[in-house]
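Enquirer: Residues per chain are reported as follows:
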Amino acid sequence: MWDLINNSVYASILLSVAIAIIGSLIVINKTTAITGSIAHGSFGGIGIAMFLGSGIILTTSVFTIVLAIILAFITIKFPHRQDSLIGVIWAVGMSIGIIFLSLTPGYQSDALSYLFGNILLVGNQDLIFMGSIDILILISIIFLYHRFLAMSYDREFLNIRGINANMLYTYFLILTSLTIVMSVRAIGIILILALFTIPGLIAERFTKKFFSMMIISGMLGLIFMISGIILSFYYNISPTPTIVIIAGIALILSLLKK
Amino acid sequence: MTAVEIKNLYFKYDKEWILEDINFSLKDKEFMAIIGPNGGGKTTLLKILLGFLTPNKGEIKLYGKTPKENRKIIGYVPQHTNFSLDLPITVFDIVLQGRLKKGKFFYNQKDKQKAKETLEYLKIDNLQNKKIKDLSGGQRQKVLIARSLVSEPKILMMDEPTSAIDPTGQKEILDLIENFEVTRIVVSHDIKILLRDVDKIAYIHKKAVIHEGPKLNIPKDRHFCEVELIDFLKDESCGI
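Residue numbers (my numbering), protein chains in the order written: chain A, 1 to 258; chain B, 1001 to 1240.
Chain B on its own, in the form it takes in the complex (with noise of 0.2 Å):
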């Protein structure tokens, strides 16, 4: 079953384009990840599959509808840098939110449950009751996996995850993803990502290069890394 689908997708901000041409599909439960220099495209790119941007030519799928059609089968993990860390609200409060829906303004007893069972799954349960300022980084980025998880998503979404965290816990959060049974979509900066157990990997900058299989295998995708010239690949992924 396809999951998300792009055709001929352009995107242009003012006069310049910042994607052109981006082609790419990817399966059910099928993981990618979103690779590229800053200011590439990589985060225009995830606004778009989010429904927050809409291209200017070519077509966008995600379960054969449109993001903005389809939002509800959407788990958003945003990069939790951009958030008060002083608003008083528990761990357990902001998991809930991922129950928020169209129409719905309380919380039921499934609602709760199934927040409880998601952070026992990510093993977070003992933080349930703290704020979320009194949490290291990796523990607040699994809250907003879990709040993302929670809304029982066919599809996911992450905006650099490993992101200001120190090396065990992006390795928590990498293990975590690498067997979410659902769609998964990681933008990031990181390259640990690549050395994971990928579907795809799309290198974006402007255009994108598509990578298939597994994660790279050196030298069996030396092409990969020779061809698209991408410096920290080969400084670090390739070894070239």
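Isolated chain A, as found in the complex (with noise of 0.2 Å):
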């Protein structure tokens, strides 16, 4: 048990940077919509993986950063029809998953766990692959971070100075995919979007600078995490969705908060 609860803490802190890096990002590009849309996306990597018989964090990958480019390309070459394609990558996606599943003999209980996730079910592998996701973000934001959020206010600024806004736009996207792979396990297709939005929005309204909204917003989903650990352990309720309300209360009060 104590193994369950350690990993799980692990995954928490591991899960955390990627909170605060590209949660915080996806909140002032105003990609929650995309990043639903590669989330719920990804069940057509878990569907092929499970089919072919695969790494499930391979394929997955692979099958999301492909949804990343053809995101990217879609919100930049049409940006007026944005929300209309987002929604279809997003159904399109999970009806690939759906299809690949259906083909593959025998009951795909495993799959299911990727809808909903559970931290507690981390294994060592996982988080191996959570930390390398979680250096490459790192890196991006050190040496990016400027960049960002350049692009995050004036795009079309930043082309002028010479810098190729679309390209880094991608770049930022396929991050995201990659961050929404490392989290499938943990955290679940579904929920993914409520624990990378809500500590961001909140930390949002409390600071002038991006760097200190990207601490706040860590230390935020570190919180709801542990403590949502701490709470499906004592009354033996499901982590995952304890932690999306606790985190969904902490908006609510948030947002009271003049």
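Since the hints were made in silico from the structure, they are not lab data. None of the values given here were measured: they were computed from a predicted structure. Every residue gets a Cβ at the ideal spot worked out from N, C-alpha and C, and that includes glycine. Careful: at least some of the hints might be erroneous.
[Stated by the list, open to error] Quick look at which bits of chain A chain B covers, simulated, 3 or more residues with Cβ under 8 Å:
1. 37-50
2. 159-165
3. 207-216
From the two separate chains plus the hints, produce the assembled complex.
Expert: As structure tokens, then:
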């Protein structure tokens, strides 16, 4: 049991790094719907991996990176129709997953665990993958902090400065897709969106600097996850929805404060 | 020294010509106002000057090179109404963005010093720690001007710099632009700019009609107003 708890705490710490950086960027770039689309679409990768018997992490990573590139293209080329097109990718990705699962012999109960996630079931392999993605995210933010911030404010100006804003935006969506893959085992496809946006939404209200927003957002994410794990133990309930409900209550309370 | 040279420029979107046979030039440190009706092609021309759009025909040179080749000399002030005001970013950090360039990932001491000096020059250094949403329209516009000036451009292009600003703010912004010692191209539907010390006026409505010389001198420039049938000029500037 302590191994389970240990791994869930390690997972929470590793996830909080991604929540701090990618979650905050999702909020300030207003890419919540795109993130939801990649998260739900990632089920296609899981379905394909199960059908082929290939590694879930590798197959889903490749699949979600492709989705991220498609979504980047769509949102850049068709900005006025992006909401509908994002919804289409969302549904098509999930449908691919369902079709491949139905073609896979036997009952795929494991597939459902990726929909809802369980932070208590995170294994050592998952932790290694999470750590690797965190390192990539940290290196990216160290070098691209000012560019990401400028991209959030005014992409056109970034182009004037000789920096390819569309390329940077596509890279950000690829990082988002890898963050989703690292989180599906722990948080689940359906609830990822809440955990990656609520801390940022709260933090944004109380800071003038993006750097502070990332720090506050990561700390809030960690607090929500640890308190959710503790409550789920005491009351024998599923941890991920508990975490999301705690985060939701915190968001409501923050909105009440002027 | 020729700063801007446009020769026989044509641009079409789908099958419709938006700009036809545009010709003008601008010398170093001159000030040009681009005016005209909505949908007449002003913004398209600005996007071509910025290198975002490529003309179908013709030639465009900024200090001897194409806009794409010479983007680093351009300072651009977009319309401020398009941006998210909720971003957790201070005025100082927005201004610093003007120092970003290809291959540069971190700001150095010189960048910060330049940003500080630019804020002082525009008399908005007292706002440097404020969030953009806490500023008035005129102050926001000055922040965007500061972000452009901090890159030490040779040519400053502005898109509707006085839109959505109160009259006092408009005057302040136009006073500033008038005195900048760089080549300036200002796209505006606000005719007050014509009463400023501009060197050239381009009236764009598919084709360009260029008025050279200082601000419109009525009735000396009556011909420009009458011949080109610019309604709002007739009504407000020319008083015809």
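Enquirer: Hints first: check each against the structure and report whether it holds.
Expert: For each hint, the structure was consulted:
no. : hint    : verdict
1   : 37-50   : violated (count 0)
2   : 159-165 : holds (count 5)
3   : 207-216 : holds (count 6)
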